[in-house]
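Protein chains in written order, with our numbering: chain W, 23 to 299; chain H, 23 to 299.
A hint or two may mislead.
No copy is singled out in the list; a pair is fine if it fits within one copy or between any two copies.
Claimed, not checked - Pairs of lysine to any residue residues, derived as SDA-like cross-links and limited to a Cα-Cα distance of at most 20 Å, are as follows:
no., residue 1, residue 2
1, LYS241, ARG153
2, LYS241, ALA67
3, LYS241, SER151
4, LYS241, ASP168
5, LYS271, LEU28
6, LYS241, ASP66
7, LYS271, ALA27
8, LYS271, GLU25
9, LYS271, GLU30
10, LYS271, ALA257
11, LYS271, GLU61
12, LYS271, LEU147
13, LYS271, VAL33
14, LYS271, GLN181
15, LYS241, GLY201
16, LYS271, ALA109
17, LYS271, PHE177
18, LYS271, LEU51
19, LYS271, GLU26
20, LYS271, PRO161
21, LYS241, ARG43
22, LYS271, THR29
23, LYS271, ASP226
24, LYS271, GLY38
Think of the hints as simulated: they come from the structure by calculation, not from any bench.
Protein chains: 2
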Amino acid sequence: MTEEALTEEVVARLDGTPDLRLREVMQALVRHLHAFAREVRLTDAEWIAGIGFLTETGQISDDVRQEFILLSDTLGLSSLVDLINNANATPGATETTILGPFYVPNSPQRAFGDSMIEFDDGGELTTVSGRVLGHDGSPIPNAVLDVWQNSANGFYAVQQPEVQPPTNLRGIFHTDQQGRYEFRTVRPKPYPIPADGPVGHLIDITGRHPWRAAHLHVKVSADGFRSLTTHVFDASSAYLDSDTVFGVKGSLVADFRPSGDGPLQCSVDFVLTTDQS
Amino acid sequence: MTEEALTEEVVARLDGTPDLRLREVMQALVRHLHAFAREVRLTDAEWIAGIGFLTETGQISDDVRQEFILLSDTLGLSSLVDLINNANATPGATETTILGPFYVPNSPQRAFGDSMIEFDDGGELTTVSGRVLGHDGSPIPNAVLDVWQNSANGFYAVQQPEVQPPTNLRGIFHTDQQGRYEFRTVRPKPYPIPADGPVGHLIDITGRHPWRAAHLHVKVSADGFRSLTTHVFDASSAYLDSDTVFGVKGSLVADFRPSGDGPLQCSVDFVLTTDQS
């Protein structure tokens, strides 16, 4: 039995998969997985280390921590999947980026202009505002913005259940009849991905830094439009050129401008597409 | 940013990995993982399904259940790693095969000819015997055979802590001064891999059967020789041609012969190599 013949035997064993798309995905997975092992001449010790790494990655995950998403993010897979599925969106539409591991559904509904701050972390007060538009420039009323970001201490609420209220710096907002949205928050901070798990260890032993550039997350949706998952990056942040999860796109970088004695102002429009492909 | 440029950015981010072998493995892993996603045009829904599958695979694993090894086995990766690392062993040496997910270290030491049966499962009594030899044919005294197999009910002791004693059908034996070994057991049975986890589900939805051909496992070691991990397959077993983990090699198939009113007789020699490469 040669190595290549074994690969083809495994592929053939999947020929009977009833779902043709599942068959395609699984057969390609086997071919690429085997090609990797053959290329590097994977040793027994490396194989069992890999088994242990994956097991630990699953076991440290729970309802609020998703270490496999973190692994996918740090290996660039999440950004690649984003590119594959969104690169052909309508020109002019806001670019997408990764979801990240800290999204929590069912954030509180908040009114136009309301604050998401439920915990005094000493962060710089900021007003984020703008419009949600169709790619023809027409405002979209009643669009939904699901927003989440980290505290000035670097952590998301979901990471600090003993410290932050669970809904701190999370909220669901709607645009008004002119397609405008507005909310009050703190300036997001650069932060390292969690260092206490297997992915943090992998980042460490591969000589990489664990930092993400400062950003807030938003999912924007509206009837008849394609839902958008993206970030707003702070133009003054460190790590814009070396974000550890490869999430930065130049078009997503925005200024957080001083405004006298008032909050910082960050103005961002989100442009949706009707392209569902 | 093109898909290929993203892949190369991730690869470049690993350039600083201090351990050169780790760098080689991680950069190849990223290239093959990305090539897979690009080839199948992995969708967001498929990506999150994969994250969920891997998470579940880690979480169902515990001290005595290793679902990631089972996944590796059923994708043929374990057999491929075995081929990569053992294909160049000395001609005439016993062939290796996979470890499987049910190995438990520290089996009880048992004397020459002793029984491993600690639970009456109605199986066919069998005597397994033979010699451990160097590839020049010289007997190896005091070689160690670490043996484990399933019960006639289909399960390994480690899978049935409420039913079987934990050391049932496991044992460590030594060869005598003539290189001989012998132990009493029951005839192993074909069995399905566990169906109640994510890997069992994957086998099901890919239209595969979950059965392994009947076998006993043995790890053979001796000072100055390369350790051997292999199986002895029952020549009369079903599934020799379609073992669901791709573990069968023709040279590892042995007869379980009737012997009057006595136990079945299975005679197998194990030939070790000094090749440590």
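The hints, checked one at a time:
1. LYS241 x ARG153: For LYS241 and ARG153, only the intra-copy Cα distance (14 Å) is at most 20 Å; the inter-copy one is 67 Å.
2. LYS241 x ALA67: So LYS241 and ALA67 pass the 20 Å test across copies only (16 Å; inside, 42 Å).
3. LYS241 x SER151: Classified as within: same-chain Cα gap 15 Å, cross-chain 67 Å, threshold 20 Å.
4. LYS241 x ASP168: within (5 Å within a copy, 56 Å between copies)
5. LYS271 x LEU28: Close across copies (12 Å), not inside one copy (42 Å); limit 20 Å.
6. LYS241 x ASP66: between (43 Å within a copy, 14 Å between copies)
7. LYS271 x ALA27: The answer is between: 13 Å across copies meets 20 Å, while 43 Å in one copy does not.
8. LYS271 x GLU25: Between copies only: 14 Å across chains, 41 Å inside a chain, cut-off 20 Å.
9. LYS271 x GLU30: between (40 Å within a copy, 16 Å between copies)
10. LYS271 x ALA257: This pair counts as within: shortest intra-copy Cα distance 11 Å, inter-copy 61 Å.
11. LYS271 x GLU61: neither (32 Å within a copy, 23 Å between copies)
12. LYS271 x LEU147: This pair counts as neither: shortest intra-copy Cα distance 25 Å, inter-copy 68 Å.
13. LYS271 x VAL33: between (38 Å within a copy, 18 Å between copies)
14. LYS271 x GLN181: Answer is neither; intra-copy 26 Å and inter-copy 50 Å both fail.
15. LYS241 x GLY201: within (15 Å within a copy, 70 Å between copies)
16. LYS271 x ALA109: within (12 Å within a copy, 47 Å between copies)
17. LYS271 x PHE177: neither (22 Å within a copy, 53 Å between copies)
18. LYS271 x LEU51: neither (29 Å within a copy, 24 Å between copies)
19. LYS271 x GLU26: Between. Shortest inter-copy distance 16 Å satisfies the 20 Å Cα cut-off; intra-copy 40 Å does not.
20. LYS271 x PRO161: neither (24 Å within a copy, 67 Å between copies)
21. LYS241 x ARG43: neither (28 Å within a copy, 40 Å between copies)
22. LYS271 x THR29: Intra 38 Å, inter 15 Å, cutoff 20 Å: inter-copy only.
23. LYS271 x ASP226: For LYS271 and ASP226, neither the intra-copy (25 Å) nor the inter-copy (41 Å) Cα distance is at most 20 Å.
24. LYS271 x GLY38: Close neither inside one copy (42 Å) nor across copies (23 Å); limit 20 Å.
Hint compliance for this structure: hints 11, 12, 14, 17, 18, 20, 21, 23 and 24 are not met, and every other hint is.
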